[in-house]
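Protein sequence lines correspond, in order, to chains A and B.
For the first sequence, the numbering used here begins at 906 and goes up steadily by one.
For the second sequence, the numbering used here begins at 2 and goes up steadily by one.
Do not rely on the hints blindly, as some may be mistaken.
To be verified - Below 16 Å or equal to it, Euclidean Cα-Cα: the simulated EDC-like pairs (lysine to aspartate or glutamate) are:
| no. | chain 1 | residue 1 | chain 2 | residue 2 |
| --- | --- | --- | --- | --- |
| 1 | A | K1035 | A | E1046 |
| 2 | A | K1065 | B | E91 |
| 3 | A | K1035 | B | E91 |
These are calculated hints, taken from the structure and not from any lab test.
This one's a predicted model, so the numbers in the text were calculated from it and none came from an experiment.
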Amino acid sequence: MNPVFFLLLAALTVAAAVTVILHPNPVHSACALVVTLFLLSVFFVGLDALLVAVLQVLVYAGAIVVLFLFIIMLLNLPIEARPMGGPALVAAAALGWAVLVGLLAAGVGRATAPASAPPPGFGQTEALAKQLFTVYLLPFELTSILLLVAIVGAIAVAQKRS
Amino acid sequence: MGPTPLGWYLTLGAVLFAIGVVGVVIRRNVIVIFMAIELMLNAVNLSFVAIARSLGSMDGQVIVFFVMTVAAAEVAVGLAIILAVFRNRETTNADELTLLRW
Chain A
906 MNPVFFLLLA
916 ALTVAAAVTV
926 ILHPNPVHSA
936 CALVVTLFLL
946 SVFFVGLDAL
956 LVAVLQVLVY
966 AGAIVVLFLF
976 IIMLLNLPIE
986 ARPMGGPALV
996 AAAALGWAVL
1006 VGLLAAGVGR
1016 ATAPASAPPP
1026 GFGQTEALAK
1036 QLFTVYLLPF
1046 ELTSILLLVA
1056 IVGAIAVAQK
1066 RS
Chain B
2 MGPTPLGWYL
12 TLGAVLFAIG
22 VVGVVIRRNV
32 IVIFMAIELM
42 LNAVNLSFVA
52 IARSLGSMDG
62 QVIVFFVMTV
72 AAAEVAVGLA
82 IILAVFRNRE
92 TTNADELTLL
102 RW
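Next up, chain A with everything else stripped away, as it sits in the complex (with noise of 0.2 Å):
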């Protein structure tokens, strides 16, 4: 990816994911979600993860913020008159992100590595899934068994008692 599109791309992604976490109306949050998976799934694109870019749009910007969405409307969520905590708490929250963000930028920012060619067929969907069906063949059922349960537990949660 062109550094320079990437600088921009960055710079909106941050700035969606900053509205996520300050607006105080919910909704607006949940669409500032949307945007930044979108965008995250433009890297994905970048990086030649096709399948797993697709899979972004249709999963997370798709079904999950969408049942967030749904959520937030069934509940009728007002706008919050205080959705933050205290200025000191706010405070220390972006001192603690000044300094993560520091040490984790010196720490990864110098990061070098081969950007070689990929290999042919990198990020397809017959790559993926052959990795997917032969070395992680178990977790893959796993996960299967997983969402099954998660199902079960949804509705058993959610259901209304009588």
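Following the hints, put chain B in place on chain A, whose structure we already have.
Only chain B this time, still in chain A's reference frame:
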């Protein structure tokens, strides 16, 4: 101009992760806290994909696939819990949900 170095992607992932952490700390609405958690998961996904591309290995992308699946399960159960709590307590404010506080 060459391709974007790996460190830039990892830095962006770190910044997004830190934004998610701050969101969890400062927000009081549990649904927005939940969204901040999703933000953190995605920041890590970005790092995984960047490192997978840099190493030319598919393993990082497979892990991202699993993270997405687990996140979907987590959201389904988590929002069901929020719904159940809201039915009983009529609130989604984390400051008012103190029944389990020591």
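How the hints compare with the structure:
Between the alpha carbons of K1035 of chain A and E1046 of chain A the distance comes to roughly 15 Å, so the proposed pair stays at or under 16 Å and holds. Proposed proximity of K1065 of chain A and E91 of chain B is supported: the alpha carbons are some 15 Å apart, at most 16 Å. The hinted pair formed by K1035 of chain A and E91 of chain B fails the criterion: a straight-line CA distance of about 48 Å is larger than 16 Å.
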